[in-house]
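Dock chain one against chain two, each of which comes alone in its own frame, and use the hints as you go.
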Amino acid sequence: MADLSINFAGIRSPNPFWLASAPPSNSGAQVHRAFEAGWGGAVWKTIGAPVLNVSNRYGAWHYGNQKMLAINNVELISDRPLDLNLAEIRDVKRHWPDRAVIASAMVESTPEAWGDIVRRIEDTGADGIELNYGCPHGMSERGMGSAVGQVPEYCEQITRWVKSAASIPVIVKLTPNITSIVYPARAAVAAQADALSLINTINSIVGVDLDTFDITPNIGGKGGHGGYAGPAVKPIALNMLAALGVDEVVSRAGLPISGMGGMSTWKDAAEFLLLGATSLQVCTAVMHYGFRIVEDLCDGLSNWMDAHGFAAIADFRGKSLPRISDFKDFDLSFRAVARIDPAKCIRCDLCYVACNDTAHQCIDLIAADGSRVEPHTYDVRSNGKNDAIHTRPQPRVREEDCVGCRLCYNVCPVEHCIEMVELPPCQPSVTWDQLSKSQREVTESWDAMERYREEHGIHIH
Amino acid sequence: MSNTDRSAIRQPGLTELLPPLTEHEALVEANRCLYCYDAPCTHACPTHIDIPRFIKKIATGNLPGSARTILEANLLGATCARVCPVQELCEGACVLGAEHKPIMIGRLQRYAMDYAYSRNVPMFHAAAKTGMKIAVIGAGPAGLSCAGELAKLGHSATLFEKRPLGGGLSTYGIIVLREPVDIALAEVEMICRFGVELKTGVEIGRDVSFSALRSNYDAIFLSVGLGATPALGIPGEEYCIDGLEYIEQSKIDRDKLQVGRQVIVIGAGNTAIDCATIAKRMGAERVTMVYRRTEQEMTAYPHEYEFIKKEGVEFRFLTQPVKIVADAGNVAGLECVRTELGSVDLSGRPSPRLVPGSEFVIPADQIVKAIGQEKPSLAASLGIETQRGFIKVDDDYQTSMPGVYAGGDCIRSAGAASTVMAVEDGKLAAGAIHRRLTAAAVPAGVL
Ligand SMILES: Cc1cc2nc3c(=O)[nH]c(=O)nc-3n(C[C@H](O)[C@H](O)[C@H](O)COP(=O)(O)OP(=O)(O)OC[C@H]3O[C@@H](n4cnc5c(N)ncnc54)[C@H](O)[C@@H]3O)c2cc1C
Ligand SMILES: Cc1cc2nc3c(=O)[nH]c(=O)nc-3n(C[C@H](O)[C@H](O)[C@H](O)COP(=O)(O)O)c2cc1C
Ligand code: SF4
Ligand code: SF4
Ligand code: SF4
Chain A
1 MADLSINFAG
11 IRSPNPFWLA
21 SAPPSNSGAQ
31 VHRAFEAGWG
41 GAVWKTIGAP
51 VLNVSNRYGA
61 WHYGNQKMLA
71 INNVELISDR
81 PLDLNLAEIR
91 DVKRHWPDRA
101 VIASAMVEST
111 PEAWGDIVRR
121 IEDTGADGIE
131 LNYGCPHGMS
141 ERGMGSAVGQ
151 VPEYCEQITR
161 WVKSAASIPV
171 IVKLTPNITS
181 IVYPARAAVA
191 AQADALSLIN
201 TINSIVGVDL
211 DTFDITPNIG
221 GKGGHGGYAG
231 PAVKPIALNM
241 LAALGVDEVV
251 SRAGLPISGM
261 GGMSTWKDAA
271 EFLLLGATSL
281 QVCTAVMHYG
291 FRIVEDLCDG
301 LSNWMDAHGF
311 AAIADFRGKS
321 LPRISDFKDF
331 DLSFRAVARI
341 DPAKCIRCDL
351 CYVACNDTAH
361 QCIDLIAADG
371 SRVEPHTYDV
381 RSNGKNDAIH
391 TRPQPRVREE
401 DCVGCRLCYN
411 VCPVEHCIEM
421 VELPPCQPSV
431 TWDQLSKSQR
441 EVTESWDAME
451 RYREEHGIHI
461 H
Chain B
462 MSNTDRSAIR
472 QPGLTELLPP
482 LTEHEALVEA
492 NRCLYCYDAP
502 CTHACPTHID
512 IPRFIKKIAT
522 GNLPGSARTI
532 LEANLLGATC
542 ARVCPVQELC
552 EGACVLGAEH
562 KPIMIGRLQR
572 YAMDYAYSRN
582 VPMFHAAAKT
592 GMKIAVIGAG
602 PAGLSCAGEL
612 AKLGHSATLF
622 EKRPLGGGLS
632 TYGIIVLREP
642 VDIALAEVEM
652 ICRFGVELKT
662 GVEIGRDVSF
672 SALRSNYDAI
682 FLSVGLGATP
692 ALGIPGEEYC
702 IDGLEYIEQS
712 KIDRDKLQVG
722 RQVIVIGAGN
732 TAIDCATIAK
742 RMGAERVTMV
752 YRRTEQEMTA
762 YPHEYEFIKK
772 EGVEFRFLTQ
782 PVKIVADAGN
792 VAGLECVRTE
802 LGSVDLSGRP
812 SPRLVPGSEF
822 VIPADQIVKA
832 IGQEKPSLAA
842 SLGIETQRGF
852 IKVDDDYQTS
862 MPGVYAGGDC
872 IRSAGAASTV
882 MAVEDGKLAA
892 GAIHRRLTAA
902 AVPAGVL
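Protein chains in written order, with our numbering: chain A, 1 to 461; chain B, 462 to 908.
Okay, chain B solo, but in the shape it has when bound (with noise of 0.2 Å):
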């Protein structure tokens, strides 16, 4: 199936914002690119794909060449093109950021990875089987990074995934604006056909048990990933839209996604931009995002707050809800308290501190909170130790517990979560994992 020909799960107004390069776009940033060595973009890469390689074979009509060498570096090149913070990454490194404009990098890998699906190149075989199996625990990037490369390797790795579909929040989470849904899919599609299973609608800890999984496989890996948008606990919460459940179906479940005409989005993190950004192109009047702190503090990053703030969205800092006001069952506004901003807190942002006497309310007829996303609780159920809520691991992505790895967002404690980041643990832990079972010491089926 090809990418276009999945484009009924596409919306109007949400649509890919970024269209791919033509052939003639692509050649001629992919010549000016310098060929660098031993290239900055490729160091800013979490995955380090090999950067000024995949760039000049697409210069030189080498397209296949230009996707393997992405491939090899990163499973899911499709899915990053599209989705990283590339001026924080590769293209913030490029040499010709300083005086010109940087290399459009993640268009350039769109552009060779687009060509390798609609071809369906074939880009990797299997390695001989070495009879290894392992239990990989959900299907985001972080599992599918894991599964595909212990599959490259020889090994037999499960994915089992709680969600009906593939793709962890690359299908779920990113809207569409950034990744169409047939993107992640067809990325999951590949990654099963090197001979990764795939077991969907398998949450493990209620369908199977955990320990059964202990004693089936040779190695688990952990790609749980983080859970809901947690509770804001004021009064009127139940009026308030999960952020997640928001962005969720205006990818897959259009029908069931209302947006009001004048809407608040609660946070100023990507997520919070993005809630914005649907209510906006799905017709709200009027979109306006509260944060309690300023724009100095906001985690969203500046070329997101850039994007938003063109796309009419209103901005209110220093503003905290106190409370949902209804009328008669329906939403009709949110109370809100100026804060100040005292000393640096935990986090190392300023701490807000509210300005007594000094509520007001904000009209509104949809209010959506996105604050965040609750830590694994996995971890805690297992006994896995944590740290910080999120789950602890070592330089080999070994759990507290052996032969049990994790990566991606359920172990990023500290810096920015990233589709990437996760891809990059996936492949190191696969390696680890690769390097534990082949020790010749482990006899197989013990942990």
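Excised from the complex, chain A in its bound form (with noise of 0.2 Å):
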């Protein structure tokens, strides 16, 4: 059995998953049951500025058979008394002092206000505060959350101010709508943040009501940009969390990082730790199935540490960090081709449509004689499952014309059908950016390209 506990920032907890915060850490009572299921912290639903919230706060984004692949809200932070969350905070930390409990807190931008909080959420024993610089609806219109986060000089500033009342760890969470994520972590590390978490939702519109015209979800009768999460935003969130890995500026500092954004499974939650997370957050995921998910989070992760020989989570962490890289460093001279097995093919034709009409036109049909067919060539008098079935055309890729783009690889319903091979390459090893040190010109003109090209018998199809 791996283990599975962390040390973030001096925060322990038994395993990395804490719940973001969020409605599903709103309450005392909620936090409880999310421990007894096995959470090894919770960043608590943010405190701070009094608010009030508004009724269909969520909409959410389907696709097909799966539901709520995203979530959106203009939910507000935590709507309840502030006293009361600071007493719960108080109680729940007191019979769970094992587990990472977290305050969430955003008030107004000025130094009393948060010092203030700062001492409150102290009282509690609390293990830590996380900085709510993320918002992006209506905290971010009285100029709280991503109206903090977008800017790095207030970022910057008001951390200095929570640096300067705290005692425990600060931690600070980033907004991802901004152009980049890197000057608000550089100025978080300036302000000697302890800890940096990412992400926080993404504005978003989730929808139009095709027979009201309202915006969804309607708000009596309006609607606007909220907050996005959920699995279709993961890929946005390990693209910013290895943005942060790679900064010079970051990375030198070794600040933690508190990774969050669409986990849903323990499979997302290695890939966010090879990126160098310390600490996961969830949330979405959670609020569509219960606290019960810790229970494959925590047993899936270990049972893969387990067949990798990761004994420790500080094993793997940041692992696959050094393979991100920029294109331009990109071996060119790499190549793949697709390949389909046949035996795994169930001919439903997605690979060869695809290629035939959006990628590069080398997947062919065979007939069982082994000729090549055209789709839509059966004679209309046959019919029935047999003809159907074994007069039906093979999908083949010509190797020979394939660019290995991956597309065909992507839309296959099988798995393990289409493999991409890795073929030997067919000119030297090099990247752009050698290219355009030792050839500059046929980065820049393209006769020369041309020439480079049959010189290397690179065909382009």
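One or more hints might be untrue.
[What the hints assert, rightly or not] Below, computed lysine-lysine pairings styled on DSS-like, alpha-carbon distance capped at 27 Å:
| hint | chain 1 | residue 1 | chain 2 | residue 2 |
| --- | --- | --- | --- | --- |
| 1 | A | K319 | A | K267 |
| 2 | B | K853 | A | K344 |
| 3 | B | K853 | B | K623 |
| 4 | A | K437 | A | K328 |
| 5 | B | K771 | B | K741 |
| 6 | B | K771 | B | K562 |
| 7 | B | K562 | A | K67 |
| 8 | A | K344 | B | K517 |
| 9 | B | K770 | B | K562 |
| 10 | B | K771 | A | K67 |
| 11 | B | K623 | B | K594 |
| 12 | A | K267 | A | K344 |
What the hints contain is simulated information worked out from the structure, not anything from laboratory work.
Note that this is a predicted model, so its numbers are computed, not measured.
The following block contains the structure:
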């Protein structure tokens, strides 16, 4: 059994899974139950300035049979009285000394307001403070949340105020609604934050009602942008996490990062860890299925670690970061082609139409006698399952024409039916960066490019 | 009139077996379809409905578009959705069939059709009138399909039907468990709405002569189906009930239907299974199917055989009826002889041989024969060439008589006759007739 425990800027928890600051961590009773279910920690639903919430505050993005691929919300921070929240945080921490209890805060942008909330949070015995610089709606209109997170100078200033008042670890939670996540992160580093967390929700409009023309969800005839989260945002979160991991300033500072955004399985979790996260936070997946999901998050992660011989999370944390690279450093001589396994293929022809209509027209339909046939060519009099099944041609990749774009691999509904097969390179290993230094004209003139290709036998289809 | 308003004709125990899919079920199932390209299910459907297209439209919430996609290829989409042997056709070819469950294509088709019929969605506009007149004889699936397609092309099609109601076997022959009568009749109404004229109670050859039709119409389509149940040729046959009549009564003349306590059904095709189903569901204590070959040779579809076994019907294979035993004018039993299978006969199946001295009597108070249908008689009387008793047609569905076309059960000399095949015949024949009538050379009124 692998050891899942973590030490996050001095905050310990038996496993890396924390409830993100959001509805699942809205009250003491909920966090109690979450801890009973096995969550390693909880970042309390943001407390601070007084607010009022509205109904219909959650919208969702569904795709096919999959419900809630993403959620969209216009919920503000906690609308429960501040004192009640603080009392419950104290109570929960007393009951659960081994779990991470972190208070998320957002108040007016003054040193007094921040100093005051920090003191009151420390009074509860909480393990840390997370600064919510991310809420993209409502609070930002009042100069808080993403209005802070989007301006590195504000981010730095407020973090300094908090750091000067706080004795427990301070985590700065970043908003993804910014051109580069690196700048607010550097600001937090400059202000000596103890840790970072990301991502908060992404600006979004989830839909329009086609009968009433209302914005979805409809809030009394109005609607607007809300924060987007859930499985659909995971790739964006991973990218931002990796961007911090490879940034010189941020990585040199060595702050632990709490990763979140779209995590719903232990596989997602392992990916966040491989890209440098130390703790992990989950919101939407819990809102979809409840606290019980933590069981497989832990179990699956632990089994995977056992299989790879990782005894502790530190053994593989950040292990994939060195593979993050820029296009200019990719090896241009790398070649792969798609290959279909006819034994697994169910002949749905989705690869064929994808390649034929939108990629490089290099999948053929092969009849039983080996000849190439066009689609839609059976006789109208032919019918019945036997005709349909036995005369159906088999898609086959014309490997000499395949550019290895990987579209067919992505659309194929059968596991391991299409493999991308690596081929020996037909030119010496070279990157764009090297090329632009050694043979600059090739990267600047189409004629030179043409000659370069001929020289190396590179065919464009 | 909505489909459910007409439930007066439905009976307890004999109502449509499968419930309609709920909206939720339909969406989940539609989203499960992979949307295959040049899909094998479409190839397998005899009318080649673009199945992924209509299913995708259910998934996107475009139900009028879905219904139109179906009807473009198959005007009898509502009947076919219910009666097609989908295991042998579309669903049997679904790429998800091998490892998972195939998509419920028939039931999704029904979902889209129910939507269209319940809202009277207008589906097609007839093209400008061409002035051409076509007589279609027989308003079963083949005739309806042909007449409807011709009307879509702007021709004037008149359907002559000898029975009081249109629909052919969909109305009179397919048991209510699969298709309620009101569905078949709504389909007839829909086809009449785009300009087809239906004359019921008119038998060609009796009420109107064939030659009169030939001189008044630019083309003729024969879609007369098959005839009554043939004779068994055994003593006591007069006590035997005709299976087709049995089914017909169960559908539209419930009061006349009498079901015995111990019922024997002679035959083992799909019609025989339907008769046994009716007997069982209408209160018979014991229903026995008697067949002179074995279950390997039965012509019923495997899924039908599975169904009837679950209904609790018993089977006597290798059993040849030789005499109906009557007692004071009432059926008392069926005398049978054991058989053995011998060499392969003309039908490609081993022929049964009687085992001498193996006579025995199965007690019964009702005996129903369901041993197929007689060949179409009209063809012979008109001097049209036939093939094994069926009307012979060329690739364009034209008979040996120029300008006279035929399709449906009356031409199906090989393979299983089914509604969807009849619909396709009608559609392809309409195309051929259209090509002939619009080719400049043919002067109107001359066949
Ligand atoms: C009991 C039974 C159950 C069946 N179940 C199924 C099933 O579940 N699924 C399936 O796909 N198929 C089934 N079939 C087969 C299917 O019903 C037929 O293949 C289909 O109806 C053939 O259509 P058709 O138009 O050729 O003939 P029919 O439906 O037989 O229609 C022919 C029409 O022509 C009329 N007619 C005949 N002669 C004349 C004349 N001289 N003048 C005017 N009108 C005339 C008849 O009255 C009839 O209405 C079943 C058949 C039977 C008998
Ligand atoms: C309904 C809802 C309310 C949220 N409220 C807060 C909040 O009060 N404070 C905060 O820092 N983040 C809040 N978040 C953001 C989450 O903490 C988290 O950053 C984001 O949802 C991404 O994680 P996920 O994809 O697992 O949901 C909220 C998210 C949702 C969906
Ligand atoms: S997408 Fe996959 S399963 Fe479908 S035809 Fe192509 S290789 Fe076969
Ligand atoms: S018409 Fe019949 S065979 Fe064709 S798709 Fe519909 S249910 Fe399947
Ligand atoms: S074969 Fe099955 S999965 Fe593919 S389009 Fe047809 S119904 Fe859908």
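Each hint, compared with the structure:
{"no.": "1", "hint": "A:K319 with A:K267", "verdict": "holds (15 Å)"}
{"no.": "2", "hint": "B:K853 with A:K344", "verdict": "violated (44 Å)"}
{"no.": "3", "hint": "B:K853 with B:K623", "verdict": "holds (23 Å)"}
{"no.": "4", "hint": "A:K437 with A:K328", "verdict": "holds (12 Å)"}
{"no.": "5", "hint": "B:K771 with B:K741", "verdict": "holds (11 Å)"}
{"no.": "6", "hint": "B:K771 with B:K562", "verdict": "holds (21 Å)"}
{"no.": "7", "hint": "B:K562 with A:K67", "verdict": "holds (22 Å)"}
{"no.": "8", "hint": "A:K344 with B:K517", "verdict": "holds (25 Å)"}
{"no.": "9", "hint": "B:K770 with B:K562", "verdict": "holds (22 Å)"}
{"no.": "10", "hint": "B:K771 with A:K67", "verdict": "violated (38 Å)"}
{"no.": "11", "hint": "B:K623 with B:K594", "verdict": "holds (20 Å)"}
{"no.": "12", "hint": "A:K267 with A:K344", "verdict": "holds (25 Å)"}
Comparing the model with each earlier hint shows violations of hints 2 and 10; every other hint is respected.
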